[in-house]
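Just so you know, the sequences run in chain order A and B.
Residue 53 in the working numbering is what sits at position 53 of the first sequence, and the numbering runs on without skipping anything.
To convert a position in the second sequence, counted from 1, into the working numbering, add 254.
Careful: at least some of the hints might be erroneous.
[Unchecked claim] Cross-link-like lysine-lysine pairs, in silico, DSSO-like; alpha carbons within 27 Å at most: (1) A:K243 with B:K1249; (2) A:K249 with B:K1180; (3) B:K349 with A:K249; (4) B:K1180 with A:K149; (5) B:K851 with B:K862; (6) B:K1254 with A:K249; (7) A:K212 with B:K851.
Keep in mind that the hints were calculated from the coordinates and are not lab data.
On a predicted model such as this, the values are computed, not experimentally measured, just so you know.
The chain contents come next:
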Amino acid sequence: MFEAKLTDGTIFKKIIEAIKDLVTDVNIDATPTGLSLQAMDSSHVALVNLHLGMEGFERYRCDRNLTLGISITNLAKVMKLVNQNDSITLKCEDEPTYLTIVCQNQKHDRTTQFNVNLITLDSEHLGIPETEYTSEITMNSGEFSKLCKELYALSETVEFEISTTFVKFAVEGEIGSGSIKIQTSADEAETSRPEDTVKLSFALRYLNLFNKAYSLSNQVKLSMAAETPLVVEYEVESLGTLKYYLAPKITDQT
Amino acid sequence: MESRIAPKGTGGATSIDEFIEDVDVEDKAFLIEGRDLSGKTNIRRPPAPQVNAKEEDFIFMQIDTDYYSQVAPGFIKNENAQHDTPIIRMFGITKNSNSVALHVHNFTPYFYVKINTQYAPTLTPEDLLAIRDVLNKLATPQTSLEGAPSIPVKAVELVHEKASVMHYQQDKATFIKIYTGLPRYVNQLRTLFENGSVSYRGSAGMFENVTYESNLPYALRFMIDNEIVGMSWIRVKAGRYRLRERSERNCNTQYEIDVQDFNDVECLPCDGEYSKIAPLRILSFDIECSADKGKFPVAQTDPIIQIANIVKVHGDTEPLVRNVFTLGTCAPIVGSQVNSYRNEQDMLQAWRDFVLEVDPDIITGYNIVNFDFPYIINRSLALHMNKFAMFGRVNGTYSKIKNNTFSSKALGTRETKDINIEGRVQFDMLQVILREHKLRSYSLNSVSAHFLGEQKEDVHHSIISELQAKNEFTRRRLAIYCIKDAYLPMRLLEKLMCLFNLTEMARVTGVPISYLFTRGQQIKVASQLYRKAAEHDLLIPVDKQHISGDKYEGAVVIEPTRGYYTDPVATLDFASLYPSIMMAHNLCYSTLVPPHKVKFYKQEDLIKTPNGDVFVSQKVKKGLLPLILEELIAARKRARQELAKTTDPFQKAVLDGRQLALKISANSVYGFTGAQVGQLPCLPISSSVTSYGRVMIEATKEYVLKKYNKANGYQFDSQVIYGDTDSVMVKFGVPTIEEAMKLGKEAADYVTQYFVQPIKLEFEKVYCPYLLMNKKRYAGLLWTKPDKWDKIDAKGIETVRRDNCGFVKETVQSCLNMLLIDRDASKALDYCKGVISDLLQNRIDLSLLVITKGLGKKTESAPKPGEAAEGGDQKKPPAAAAAGNYHAKQAHVELAERMRKRDEATAPTVGDRVAYVMIKAAKGSKGYEKSEDPLYVLQNGLPIDYQFYVEHQIKQPLLRIFEPVFSNAEEKLFHGEHTRNIFVPKMATTSGLGKFAVVKKTCLGCKNVLANNTDVLCERCQTKKKAIYIERKQEMSVYEKNYADLWVQCQRCQGSLHEDILCSSRDCPIFYRRVKAKKNLEENREILERFLDW
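Chain A on its own, in the form it takes in the complex:
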């Protein structure tokens, strides 16, 4: 038997919103210590990794490891039923064919219940090995989201350049080329451990998909090292983290 109750259901709703454009069908792994989810987008360029520890839930119980195959598209539709300030309970049997979602408002006078049919996904479990990131930068998530959106209008690809003193986002496209440079001394952005200059290119299309998560947290952490994927990490308050991995663009590849 699995049961997990979140006091603030909108957090779960936001998480689903933040990944639904990237992945369609995923396996959610429920373990005695928490919920996790990892899935690659269909073009195998980006990976979503969500981990929610049991501590953050109001109530959490999981007797054995379970794999819940879910259509995110359908789950997002169900999430429309969740109102502001509702609590959410996810539960299912040990050999589940559906996942029950219960929403309750604060006054406990309105309860919504929905059973989502589960699907069997024959997929691999993937993990990104722990890497020593040479550059890490934390900045305002709204700022980063706005920046990516604006740059996407100019080009499909952005080049990140992080050095000891600044971080630079450069684009080059049909209309010309340009860059946004933020001094590390400035207020909004601050590099924590910039040991070496790293230069990597990424598809803005994906960054924009990741930024759907900016409402989860007002800080976003970008971690980078040469020849490794970029990690875009959002803290989910007291629950865990939502991480996106994005493969760097290599010049001969689209």
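Mind docking chain B on chain A? Use the hints.
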């Protein structure tokens, strides 16, 4: 790569014994074909018997007619002996298989120009001479190397007894017939007249701007005037011809004769003895070239390494020659002659000599016109073999390559090459099949699989050089492959009855057989029209003014009443509707009355068509087209009667080919009048034909409904559920097929009496059950006799269309079988659910998911100036508007472009069909970004976009089928339990994140992530470990068996059980399956290895 996990028991040959056994297996395929030909030396034609020109008639079957311009030889009487004159040259074969070249002299090219009526009576012979001089001054004479410049116009003659074929005319008009020195002057003079630049007595008004009969090829002109048809038997009476002495010869045929007076060449009617086809020699060949790895061979640098040949005499069951010319040594091949050469020049020279020695009448092969011949010719030039490319029958004439673009509405635009090989017919099977059959792929492999039910291994050209470089046994292997490539076109030619059908087509339409390969449809009708017009003293204008734009109304369709009918539905068809309308209402160029002349004729002599055009009735004058059609139909009737009587299989094939040719010809007459860029388009005729068709379909509906109802004492009210062009579907309401047939027959006869002869409504078939989906989309079980159904007849459904993948076709086919034959709708539904589920779980063969589309236009060609500006013009037909470049990005076009960047050699070119599958890409990607080459997908393990196939391929076709059957088809098919088991593609380790991510091991029992990567099962599943292991082991043996089976199948196909499989044929479903099976096996083996620890 393949051998790495070769299944047990199929290792390479080790001992001599095994090797010998190997040879036996390998050559079985060839030995079936007959006797050992490895020692064959006598390949010449039988010696030509002496002919006494004074006493014997000379009879032969002509296969090609052309002309050349030369000063006539001294022994021929010719009025202008010092000038070049055109000489008709016919090539043929006697019934003893001796080759003949016949030179026909003194046939002068000519054409007509109409004289305006007011000048006609005043023209005197002096005027004619003066006109000749005027014309001679205007025309530019052609100079030749030898003789003096030829005279453009030789004579001008006044002709009174002819009339134009256009419009009904009671009176004859006056024409001048202009004889020219050479055929090319006809074109030159035509332009002068059309531009109005010819004036006489100070004004251009004497001549009309339209010339008559001026665009016929000269050789065809001769054939028409002498009433000679293509592939016919020719007789020249004794004493009317002259055999050339050896010293006077310029052809390498066995006989070479001259006929001084062209009237002495007569065509024997194609009956009895002369309906047979002479023992023609057919050569089929194929070349192999080596090239640097990954590149397509280029004649300038890459050598030809092998040429395989098969020669067969028409009518024999076994080939005469089967040999291969190889560069470098080659181990012997059972039953075939192997000729090895140390250098390429020697090999090519030997092959050329071989071709001339065999002296074939027909040269066939696959894509020889666009690849093999050009390659050989270019290669010989690259090797400085200047006197090499003489393949024809005229000494000293070398074959050259001319580039050509052929464009027709039916076939689209193709780039072709013209190779001149005098006296031999180039019978490229690729072109024949392109013209006559609509297929998904036109590679030799898939065409053979389709028609012969046999595959061949497809050796990728990059492997060829390796095989060539290694040793005599690998070269032998290549030689076997090469021989097979030469052998298959020969088999296709026989199987498809090409020689019979095309010979009869040439005889019926009267054009040389080579026209059937190189020309469009129109010349065939034109040839018949010219012949018929000549009989009736009519002349055909060459009108450059084409009707532009306005499309006339097509056929009518009675709005379908959609549904799934379980009661019998009878089909009433008009037998050859358009030809019979033209005959019934006397529609022709020569009977058309222009609107302003209608008032001059009596009303009862006129026929007004529903379209408003007016024609004179048969009583007044019978039209040429009705006459031609009547003859064609009568001839077809005769041929079919004879066919029923004949027992001789060759005669049967000839007659069947003839009746088919006659049918096709009758049906193409209508198209000739309606072709917008035609030789002689006439909209009043074509639109009248369709208007009659529309009226008749509506009328038939009325008559049937009025008669067959309860009010008239019938058991049920009948219902017309659908009607299209020439057929009406009637549901009489009766429950049995027998009753429906009875009523159908009765109704057909009943309705027929309301129509003009020879229009006939026929009852042919009953559909039961019948699934009517939409206009031109239906399927039904067809019955022609009450006790047993014939087949499933499907129209406009995915089973017959080519623009979708094989998976859709198969599913739809099976569904129809279940719906129509088993009449079990729920079984069909369950089947579909299963299929959809399989699709979502990646259990469908990749080969079934391949979509092919024709590549119509070169992608890199920029739009020509002018075209771009006109592109937006709404009135232009869509084909023209799209010219220049594709406006929208299309999946196959984009893919072709991408493939071209990857490898120029294998990328598809214009006219090819591009094969692709849809792969997963980032969300929101456009369709054209997702197309990918199936081979590339396999090699790189790219994931297939199953969702695409559900949504865009299978959904609509299935909904169309099931909607008439179930009210909530979509819900039943595409939702529910069976859609909840989804395959998620394995990560490719080469692209994107795949390079970085690692796969975590999961429990084989419950799929949970394992804490320890060396474990196999999680703790909870440990208890079930034996069961799980056994399950896996069983799965493994299934995979192993699958793979071994496919491997063996491929080995059989390649004809050797002891060698690696090299085949990478994109058309072969087995190939895809084999690659996939191998992958499954490898994956499973890895999983099992995890158990090995304990």
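For K212 (chain A) and K851 (chain B), compute the direct alpha-carbon distance and say whether it is at most 27 Å. violated, 78 Å
Does the alpha-carbon distance linking K243 (chain A) and K1249 (chain B) stay inside the 27 Å limit? holds, 18 Å
Next pair to validate is K1180 (chain B) with K149 (chain A); report whether the Cα-Cα distance is within 27 Å. The given pair, whose Cα atoms are some 21 Å apart, holds under the 27 Å limit.
Checking one constraint from the list: CA of K249 (chain A) to CA of K1180 (chain B), max 27 Å. Satisfied? Given that 27 Å is the threshold and the Cα spacing comes to 20 Å, the pair holds.
When you check the alpha-carbon spacing of K1254 (chain B) and K249 (chain A), does it fall within 27 Å? Holds - the C-alpha atoms of K249 (chain A) and K1254 (chain B) are around 25 Å apart, at most 27 Å.
K851 (chain B) and K862 (chain B) were given as a pair; does the straight-line alpha-carbon distance stay at or below 27 Å? At roughly 13 Å apart (the allowed maximum being 27 Å), K862 (chain B) and K851 (chain B) satisfy the hint.
27 Å Cα cutoff - pair K349 (chain B), K249 (chain A): Judged against 27 Å, a Cα distance of about 73 Å means the pair is violated.
In terms of the numbered hints stated before, the structure departs from hints 3, 7, listed from lowest to highest.
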